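Taken in order, these protein sequences are the chains called A and B.
For the first sequence, our numbering assigns the number 774 to the initial residue and increments by one for each residue that follows.
For the second sequence, our numbering assigns the number 774 to the initial residue and increments by one for each residue that follows.
Careful: at least some of the hints might be erroneous.
Pairs count within a copy or across copies, as identical chains cannot be separated in the list.
Said to hold, decoys possible - Straight-line C-alpha distance at most 27 Å; calculated BS3-like pairs for lysine-lysine:
no., residue 1, residue 2
1, K1126, K837
2, K800, K1114
3, K986, K944
4, K944, K981
5, K1126, K836
Everything labelled a hint here was simulated from the structure, so no lab data went into it.
Bear in mind that the values here come from a model prediction, so they are computed numbers and not experimental data.
Number of protein chains: 2
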Amino acid sequence: MSFEFIENGTVTTPEGFLAAGVTAGFKRSGAPDFAMVVSEVPAEFAGVFTSCTFAAAPVQLCKKRVLESDFLRAVVINSGNANACTGEQGMASAVKSCEIAAQALNIPAESVAVASTGRIGVQMNMALIEKGVALALPALSRNGGALAAEAIMTTDTVPKAAAVKLQFGDKTVSIGAMVKGAGMIDPNLKVPHATMISVITTDAALSKAQLQKMLAVNADCSYNRITVDGDMSTNDTVLLLANGCSGVKIAPDSAEEAAFAEALLAVMQNLAKRMVLDGEGSTKFVEIKVINARSAEDARKAAEAVGNSLLCKTAWFGNDPNWGRVVAALGYSGAQFDPDKCDIYFGNIPVVKNGGDAGTPESDLRATVKEREFTITCDFNDGDAEYWVWSSDISYEYVKINADYHT
Amino acid sequence: MSFEFIENGTVTTPEGFLAAGVTAGFKRSGAPDFAMVVSEVPAEFAGVFTSCTFAAAPVQLCKKRVLESDFLRAVVINSGNANACTGEQGMASAVKSCEIAAQALNIPAESVAVASTGRIGVQMNMALIEKGVALALPALSRNGGALAAEAIMTTDTVPKAAAVKLQFGDKTVSIGAMVKGAGMIDPNLKVPHATMISVITTDAALSKAQLQKMLAVNADCSYNRITVDGDMSTNDTVLLLANGCSGVKIAPDSAEEAAFAEALLAVMQNLAKRMVLDGEGSTKFVEIKVINARSAEDARKAAEAVGNSLLCKTAWFGNDPNWGRVVAALGYSGAQFDPDKCDIYFGNIPVVKNGGDAGTPESDLRATVKEREFTITCDFNDGDAEYWVWSSDISYEYVKINADYHT
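Model the full structure from these sequences, guided by the hints.
Take a look at the structure:
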């Protein structure tokens, strides 16, 4: 039951899913900005969302769907307008967006979920939703996943989709996913954590309870582990749809369920890593591992402090093996540990031994931080808990993108 | 008993203080890098320090002085080497630095405090301390404050010193101060908070208990309110020395003490503001005020989230009145408030009303964020607590400075 990645896999790789990506006119650039993902049959589903107090109207509506709807048939997504901080009118617009899509697809409005990303504080232009649905409807296809992934991008430089397949006896189960998100990404969140929208599809059959548990656990080990700039969005949405079209039913607490969960995690980690690599202006992928900590919470605080440290991130951009900044971040993280026991490694090279300089020549360290990807391991030698995060550097380009971005 | 600022005031403005700033050779650039501040008579003193787990050796030694020494006669400061993460040898170096200065000045070693700033993880070159003391000793003067302020700079672009005087009947009391710090500055700290070293002098007579209380309270309303990049250092040190040379004794809980505290706060706020204005690559000074919050803690979380938000900071750099990013930061801050009651102002201009767009034309908002200095007020309309922080923008220059800095 081991899984394998499918080349050019998308949300339409699993059986019974159709998708489309079209230009409705939300983006001034004329780039695709409206996506639909449709299941040919009712799909069980689960969702995790931003914990931001100003959760956008579409997020509030999706939460309602998770609580009240028995199944989903479609997800509509627009980029270019977040429909956040838009009050009652914004909520009415989110509801109306679902109704427009439901009418076109001849399905119940309660079986449609909606996600939006883009500028905050601007009311939705409903004519553009009408136009998006009208254009997407005839374009829906079994090959539409790639276009859908493109249509949900904002500051992303590349579309991000993936799929895996698992063999269960003579039957094949697929899991497909797409994600948008490249900035405003932070792990400091309970389920979930990022300016990101992700739709995950599978043709296996699972219950809502199974899906919800699996999604929350896996988000915590993938999308929740990435940090680009420490900010979090009003609109983060992750939806997982299971339509059963493969004919494979996954029983709770079975070996099959464990195999499925592992494959799902692989897809989500694949996309999480690509979000970091596509972080706004990012030139580095840095894994921060804290090991042998007193508690998982100490390990988490320490790893996130390093992963979010602007001084570390700018040092990485400058190929500077400045471990003093790592030490400073660990020190102010709030994690409990004994600084005199702390060892730090860049890759496999010891940098700090017992809280002081390990004596490695700077040229050796510089070779490591010049890599596109490297790992920083902080060994507290003080327990057995661990945590990791994925981070990126902060470049001139990051500042430029975010100083200039107005959608 | 109102105070007034003294033009070109420094730590040597108060009676009985001498200072010097010289080039000992810690900095490769050849710029001044060693300072001494000396009181002609024993001075009562107090200190607040970094809460970083990896507190540098000089910080640990200063804390010991505060606990164990009855008075200070001198403070020695070097820039170019932080003497942090240097283990037992580092502590021995800090002790030895005090001894070298004490011998030269013919005073007890326990009456000398030491502060260091610069590269982490490098052992001190004690020959340079010897040289610094030898050069500084003959240079000590009543006009040396300005040179001392220059010698403690690292990435600072300008030296930062100030002084005020207060009239008590026919006697004048002065308070002088200097500070270094322009990056790695964050308010998320208990007493204190920043990569900064500050020495404050006064010729009034106060007890250690008075000084310690006043310093902690005032640091919390000045140095603790500034945020440049959310990082904190291993070496933050604030020392306050009172030598009584004015002949004015300030009684505890008196009107005179209140007036003195107010003047001290003015000096510390003046320097705090100048640290933000001198923030690495900063082009803006932004005051974030959260008012009418449910609790001071809610107000603090909200103000710090906005002040530390990279997305807000890059928007300010870009003169972009993007209030969506302010809203997002408030939303993920962890502060408890009702988003539907939240109003936001840029300067005096309403931007958000009841959690949604206030309808002000973007051109009006843009005029405000184009200013060198402006205030963002977040009114939660949900209580009577408030908090403010001072922040700056993040520019290309910030990234450049921190990607390239190796001391």
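Comparing the hints with the structure gives:
1. In this assembly of identical chains, the alpha carbons of K1126 and K837 lie at most 27 Å apart only when taken from different copies (26 Å versus 52 Å within one copy).
2. Taking the shortest Cα distances, K800 and K1114 never come within 27 Å of each other, neither inside one copy (53 Å) nor across copies (30 Å).
3. Within a single copy, K986 and K944 get their C-alpha atoms as close as 24 Å, which meets the 27 Å cut-off; across copies the closest is 73 Å, which misses it.
4. Proximity of K944 to K981 under the C-alpha cut-off of 27 Å is restricted to the intra-copy arrangement: shortest distance 22 Å within a copy versus 79 Å between copies.
5. Within a single copy, K1126 and K836 get their C-alpha atoms only as close as 48 Å, which misses the 27 Å cut-off; across copies the closest is 25 Å, which meets it.
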